[in-house]
Amino acid sequence: MSITRCAVIAFISLTLSGFSWAVNPPETPTISEFIVRYQNSDQAQAAAALSGAQRAMDMGARVGESLAHVRATKEGNHMLRAGRKLTRAEAWELATRMVQAGGVESAHPVDPDFDARPPARPPIK
Amino acid sequence: MKKLQSKSVNGTLALVCVFFATAAHSAETAKPTAPQPSKQRHFIPTPSLEDVESRIRNMAEVEIITVALTTRNAEHPKALSKEWQQRIIEATGLQLTYMQGASGDTHIFKLPKKKIPAEAEEVAARIRALPGILFAEPESIAPGYNFAVPTDPLYSTSQWNLKSAGGGANLPPAWDITTGKNTLVVAVIDSGVLTTHPELSGRLLSGYDFISDPVRANDGNGRDANPGDPGNWVAAEEATPGCSVSNSDWHGTRVASIVAANANNGIGIAGVDWQAKILPVRITGKCVGPAGQYTDTDLIDAVRWAAGLTVSGNTNPSPAKVINLSVGRPSPCPIGIQTAIDDARKKGAVVIAAVGNTEGASALQNSPANCNRVIRVAAVDQKGGLAPYSNQGEAASLSAPGGSFTDLLELKMAADGGVTTPLNDGVIKGDMVGTSFAAPHVAGVAALMLAAKPKISPPGVSVLLANTTRNFPTNTSYDCDNITCGTGILDAGNAVKAARATKAGGIYHTAAVKSDGTVVAWGYNGNGQLGGGEALGLVRAYPGTPIASLSNMRDVATGGYHTAASKGDGTVWGWGYNGKGQLGNGTLIDATNPVQASGLTNVIAVAGGDDHTLALKADGTVWAWGYNFFGQLGRAPFNFTDSSTPVQVYGLTDVIAIAGAGKRSLALKKDGTVWAWGAESNVTADNSATVYSAPIQVAGLADVVAIAAGGDSTTGSNVEVSMALTWDGKVFTWGYNSSGQLGLGHTTTKFLPKEVTSLPKPAVSISTSGMHTLAVLEDGSQWAWGSNSGGMLGDGTTTSRSSPVQVVGSMTKVIDITAARFHTLALHGDLSVHAWGNNSGGQLGEGTQTARTTPQLVHGAGNAGFYNAGYATSTRADMGIVLSDSPDPALTGANLTYDLQLINYGPDTATGVSAVLSLPSQATFVSATSGCSYANASVTCTLTSLNSAANAAFQVVVKPTSAATLNATASVSSGIYDPATSNNVAGTSTVASAPASTDGDVPLPAWALVLLGAGLLKTLRGHQLRASS
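If you're matching them up, the sequences are chains V and Z in order. Just so it is clear: in the first sequence, position 43 is 42 by numbering that gives the first Met the number 0, and no numbers are missing. Just so it is clear: in the second sequence, position 131 is 130 by numbering that gives the first Met the number 0, and no numbers are missing.
These are computed hints drawn from the structure, not numbers from a lab. A few of these clues could be false.
[Said to hold, decoys possible] If the Cβ cut is set under 8 Å, some of the chain Z residues that face chain V in the computed set are:
no. : residue
1   : G525
2   : Y560
3   : F637
4   : T714
[What the hints assert, rightly or not] Listed next, the in silico DSSO-like pairs over lysine-lysine satisfying Cα-Cα at most 30 Å (straight line):
no. : chain 1 : residue 1 : chain 2 : residue 2
5   : Z       : K749      : V       : K73
6   : Z       : K81       : Z       : K112
7   : Z       : K668      : Z       : K760
8   : Z       : K812      : Z       : K180
9   : Z       : K77       : Z       : K729
10  : V       : K73       : Z       : K753
Virtual Cβ for every residue (Gly too), placed ideally from N, Cα, C.
I would like the entire structure built from these sequences, with the hints used as guidance.
Written out as C-alpha cells, the structure is:
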C-alpha cells in the first residue's frame, strides 16, 4: 500500500470516526471559579480567626493550586478563583482535592456557560 | 369407587366441620359414602373455635423447631455450623436432630419425639435465650386448608365476578388499558395445577412441588420439580383427625384460572389477566391430620422460592412479582412465615392472601393473612354483600368476588371431573366459593397494574389497590362497610387506571399521563414545555386538551423547563427547553411540540433531572442525556461532557427504577441497592463528599423498593436531596438540609442516608424536589417537610419545617404524591389530582396564578369541571339514583313494579349513563320500559346523555314467585367524572305474600258492600240515638 493511499484511508477514517469529534470538539478550558462549602466547625473557625482571603490561600497551599477568595455567598458558601482556566475534568479533579484536603463539605466548579441561554421565566405579577 | 359429592362440608365453619366430622367418617366402611348435600350451612351446629384450639393444644404432634441466627442472610443461606448446632442442642437438653438448612438461612431441628405445642414452645424458648438467636419457634399444627367450600351447581354460567355490578371486580375498563404482560409472573402457591387444562395452556411456568410428606403429596415422593396436581381426595380409610372424607378439589387449578384463564380461546372462561404467566408452587395436598393440607415449613420455602430466593440450592428462574396464598390456618402469624413474606417483599414481590372462611371470625384469625405486609382479601357475593362464610374486620385490606351459595350465578373456574385422580377433561365448574377465590382476583389485578406501570413498588401496589376500591352497595344480604370488609370492593378499572395515571411537575409547569394514554399539561409555556405547539410565554392555569401527537403514553417526567414522556412502543419524546440537550434529539433547539429522543427503544420509564433526562430500558440498563457538568449523566469516570443524544449510564444493569435530581441521578437495582452518580455521590462522611461521574453504590441502604431525588443544577444552589423507601415502609433521606428537607429535626447536611423516624406510620410513596420532601403513608395521609415557599408543604402556612407535618385537609385515599420544584401534586384514589404551593405560572391548574397553602382540585380542560385521570373528558357529573317499588307489600304471582329515578346533580352533562337493577332471586322479569334490557337477573337501562339537573325515569316490572322478602339494588354510572359516588347506589325491600285465601266464599260485589255499609251505619246511628236519650 502506497503512502498516499494510506494517507487517504487514514484521512477518511479520521473524518468518519471523528464525527463525534466534530460535534464535541476538544474542550476549551474556561473554568476558574469554585463554590466551596466549609464544614460547620470550619465555618465557625473561619468567622472567628481567618479571613476569606487567608482561607483561600491556605486552601491553595494544601491543594497545590493558586486560589483567591472572590466573595462569600448568601447561602454561606465561598467563591474561590483559581489562577488558571481549567477543563471540566480538571476542575472537578481540583474540587475533589479541596474536599480531600479537609474541612470542606463540598466544592463545585462554576460553569461559566450555564446561563448562556437561560430558560424563560414567567413575568413577575 | 362411588362418586363423592363435593358439597358435604359445612360452609360456615368449614375448617371446624372437617376437623370434627372425621371421627364419624373413620368409623365407617373404607368405601367412601356420599354425604348428604346441604345448603343449610347456617343451621348446622358447629363446635366453637375454642374447642378446636383446645384439642389441638393437647395433641402431641409437634416435632419441628425452626431457628434463625441474628446473622441470617436470606440471599446466601448456608448450613449451621457444628458449633452452633451443638450450642442449640445443649441449650435444650434434648437430643435434637439438625435436619437441614432451610430456606432464607433458617434452620430446622427435629425433636427426639413429638411434643404437645406448649412443651415444644418451652424448648424453643430455651433456644431463644441464647445470644445470637433471631428467632426459634415450633411449627404450627393448627389445621391448614385451602379456603374453599363447595356449593350446588344450579346456576347458568356467567362471570359476574369480572363485571361491574354488585360484587364484580370491574375488569372491562382495565382491559381497555392492558390485558397484561407475558413477562409478569404470578405465583399460585396452592395444590399445584392440572398442566393440561386448556384454560391454562401456554400460561404455566415450570413451578415446583414443595410438599415434603409423600402421603400428603400423593404423588409417590416428597419435594420434586413437578407441580402437577395428582388429586387430594381423602378416602374413608385415609381419614385422620381434622381430615374427613372428601373429593379432590383441584383448588390450585381453580385459583390459577381466576388469575389467568385463557381469554378469547373459544372455550370456557376468561381470567383476570390474559397474558401473565402462572408459576405453580405446590404446598397443599391430601389432608393429613393434625396439620391439614399443608405444613408451614413447606409454605415458607415455597414463598421464598417463588420470589426468587434460593431454597436448598434450587433457584426459581422466573421470580414472581405477585404471590397468591389462598391457604391458611387459625394461628397467629408465625415468625418463620412473616420472615419469609418479608424476604419475598424485599425481592419486590406483592403477597396476597385470603382471610379465611370462618363466618363472623376476624380477618386476623388465620395465618398467613394475618401476617404484616400482606394484602388481606375478604369475599363478597354477587350483590356485593359480605359472603356468608368470609372472615371479616377492618384488618381486611379489601374485598373481592368469592361467591356465595345464594348467588344467582355460580363462580366459574377451571377444574376437573375426577373425584380422585384427574380425568384431564378440561371442564369448567361452578361448585365452589370461598375467600380462596377472592384473593386471586386481587392477584390478577395486581399483575395488570404492574403491566401498566412496572415501576410501582410493592407498597405502592398495596395502597393503590386499597384506595381505588368501589363503595360497598347497600341492601345486600350483609351490607359491608369499612369496619367489616376493608376499604371497598376490588375495582380493576379504577386500579389499572390509577396505575397508568402519572404526573410530574417542573418549575412552572405540570404534565400528566391520563389513564387513556394521552398527555395533558398546564402552567407556563416559556420554552414550549406544555407541548401543544402553543405560543411561547402562554400561561394556561388549567389542563389543556391532550397533546395531539401523543397516544399510548406510559410515563411522563419533567425537568425544570422541559418534559419527557415514554410511549407504549418504547420510544421517548420530549418538548420544552433544550439548552443543554435535554430533549435528546441531537439539537439544542427548544421544541413546542414533542420530538423523539434519538435511538431509544424498549424504554419502560423516564425520569427528569433539572437539565437532564433519564430513561430505563426493559433490559435494566439506564440511558441519559442533557447537562453533564456534575457528572449526572453517569457516562464514565472523569467524563463530564454534555450529550444531546442518549448515552448509556456506565456499567449499570439490573435497574428497576430511576430518579433524576439537579446535579445527581439515582438508580435502584433489583437487589434492593441504590446507586448514585453526579455531585456528592462519592461520600466519605456525613459532611464530606465529592463528585463521581459514574454509578457508585450508596452506603447504608438495603432492601429498597422505591427511590426519589430532587435538586437544582444551578451552581451554588445546594438543594440536592435523595430519598429511599425500604420494603417495610421506612423512609431514608440524604443530602443538603438548609430548609430541613431531610426531615431529621435539624438543618445540618447529611450526605449519608438517615431514617426519618418521626413519620407515624410506614410510608408507601415518596418524592422530593430537593427543596421539600413528601411521603404518603399507608393510611393515605400525606406528610411534608422542608422549604415551604409558596405553601408547598400544604399545611396552611409558609413556614419551613425540619420535621414532617401533615398536609391539611381530609384527603384520604391518596395513592401517590409528587414534589415539583415549588409545588406539590397528589393523585387521589378517585383519580382526581390536587395541587398546592407556588403558582406563578399557573402550574397548580386550578384556574389562577395565586399560590395556595392547602390542596386544591385541579380543574378540567378549558377550566371547566375538574381534572380526572380516569376519564377522557374533564367535565363533572354527579349521578344519583332513587329506587322504589309498588305495591308494597307485594303479592306472589302479581306484578311488582320498580321505579328508577336517575338524577344528574352535577354541573355538566353526563354521557354514557347506565343504570343496573339487580332483581331479587324470588322474582321473574316481566317487562321494562324502552332503553332497558334484561340479562342474568339484572336489568340495564341506558341513556346517551343526561343534562345537568335533569331527571330520567325507568320502570321495570317483575313477578314475585314465592312469599319472601324481596331485596333489589340499583346503581348508576356514566362516562363522566363523578366525584361524589355515595348516591350512586340505592336499594329497596318489600315483602311478597301469597294472595289471601277465599276459603270457598264467594266475594261480594261492590254494590253489595255499599248497601251493607249503609245498613251498618243506620244501625249504629240507632244505637247512638237510644244511648243519648
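Now for the hints, and whether the structure bears them out:
The interface hint given for Z/G525 is met, as the beta carbon of that residue sits about 3 Å from the closest beta carbon of chain V, less than 8 Å. The restraint placing Z/Y560 at the interface with chain V holds, with a minimum CB-CB distance near 4 Å, inside the 8 Å limit. Satisfaction of the interface hint for Z/F637 is found here, the shortest Cβ-Cβ separation to chain V being roughly 5 Å, below the 8 Å cut-off. The criterion of a C-beta within 8 Å of any C-beta in chain V is met by Z/T714, whose closest approach is roughly 5 Å, and the hint holds.
A hinted pair counts as satisfied when its Cα atoms are at most 30 Å apart, and Z/K749 with V/K73 qualifies at roughly 20 Å. The suggested pairing of Z/K81 with Z/K112 holds, with an alpha-carbon distance near 22 Å, which does not exceed 30 Å. For the proposed pair Z/K668 and Z/K760, the alpha carbon gap of about 25 Å is at most 30 Å, so the pair holds. For the hint linking Z/K812 to Z/K180, the alpha-carbon distance of about 27 Å falls within 30 Å, and the restraint holds.
Simply put, Z/K77 and Z/K729 have alpha-carbon atoms about 28 Å apart, close enough for the 30 Å limit, and the pair holds. For the suggested pair V/K73 and Z/K753, the alpha carbons sit about 27 Å apart, so the restraint of at most 30 Å is met.
No hint from the list above goes unmet by this structure.
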